Amino acid sequence: MCEVMLRDVRNGLDVLGVFYGHPGVFVSPSHRAIALAREEGFNAKMLAGVSAEDCLFADLEFDPASFGCMTCEASELLIRNRPLNPYIHNVIWQVGSVGVTDMTFNNNKFPILIDRLEKDFGPNHTVVHYVGRVIPQSVSKIETFTIADLRKEEVMNHFDAISTLYVPPRDISPVDPTMAEKLGPSGTRVEPIEAFRPSLKWSAQNDKRSYAYNPYESDVVAQLDNYVTPEGHRILQGSPAMKKFLITLATSPQLLQAYRENPSAIVDTVEGLNEQEKYGLKLGSEGAVYALMSRPTGDIARERELTNDEIANNHGAPYAFVSAVIIAAIICAL
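Here full-length UniProt numbering is used: the first residue of the sequence shown is 1, the next is one more, and so on.
Hints are computed from structural coordinates only; laboratory data are not their basis.
Model, not experiment: these values are computed from the prediction.
Derived lysine-lysine pairs resembling DSBU-like cross-links, with alpha carbons at most 35 Å apart: (1) K243 - K45; (2) K152 - K109; (3) K119 - K109; (4) K119 - K201; (5) K244 - K282; (6) K152 - K201.
Quick list of the computed label-pair ranges, beta carbon to beta carbon: (7) K278 - A180: 49 to 57 Å; (8) V175 - D63: 13 to 21 Å; (9) G232 - D268: 27 to 35 Å; (10) D176 - K278: 50 to 58 Å; (11) D176 - D225: 34 to 42 Å; (12) E231 - P174: 38 to 46 Å.
Don't be surprised by glycine CBs; every beta carbon is placed ideally from N, CA and C.
Work out the full structure, taking the sequences as your base and the hints as a guide.
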């Protein structure tokens, strides 16, 4: 795969390599092609996509940022004795191809992984077998088993080369009192089983209590009707022409390269931009775009226009700014 892409690059063509999911996750040809292309003097770049793990987070409905998450390929986990943590989410890739080196998939070494899981989590801990859907007509496979169940031949036959195993937290990690004191009240999480209930969906710690708002949350919700946006709050906005132009830049590497080389020439070809947007985009800096697209609500209400100095001298990146990504690995010939 790597060489097929590079041959066309060497022949002067711009090459787009599209891989399923994320082009950099479990895809070695993309990494190697980019590295070799750069060694040979060509421009090469990888663009982000949606990986199987991203689909897993959505389908299983847990947040890896709550408690923490470890991901590892099954054979790598075993041969390097990677630690599994009963206090966090654990995602194990390719559990149906443990120890496979010749593309022969028969699950004969799957019991070695089961031994490890049983040692770290016990036989009765529930795990989730996951295979994300590939086309709209398919359905993601989500099956729950105890670790002991995995030893059954009829269960073992469910697993193949694209199977992923999600091992949810078994226990709630205690809070370090010394660190809690250092962080202070704002840094100390409240009762975790309440604050992070969605991330305990598959865990033994999920006692099936309601997801309904607690009294504090209900009080906050009751105030929504009278909420007033604070002065200085920034909202993401821009003309339809500017939004379309930014989307086009994000999805067209050649146009983006041309824009970086000569912003003014590209911006002059865009119809529908107002004078402020033309000025800011011709600067070619991210700060100018942030200034144009995240103005304070007070300025918008008063119809106050930004000055050129405010646009040119802005260097911040507001939290509300959202970037676009596409699924591809790009190798561009010089």
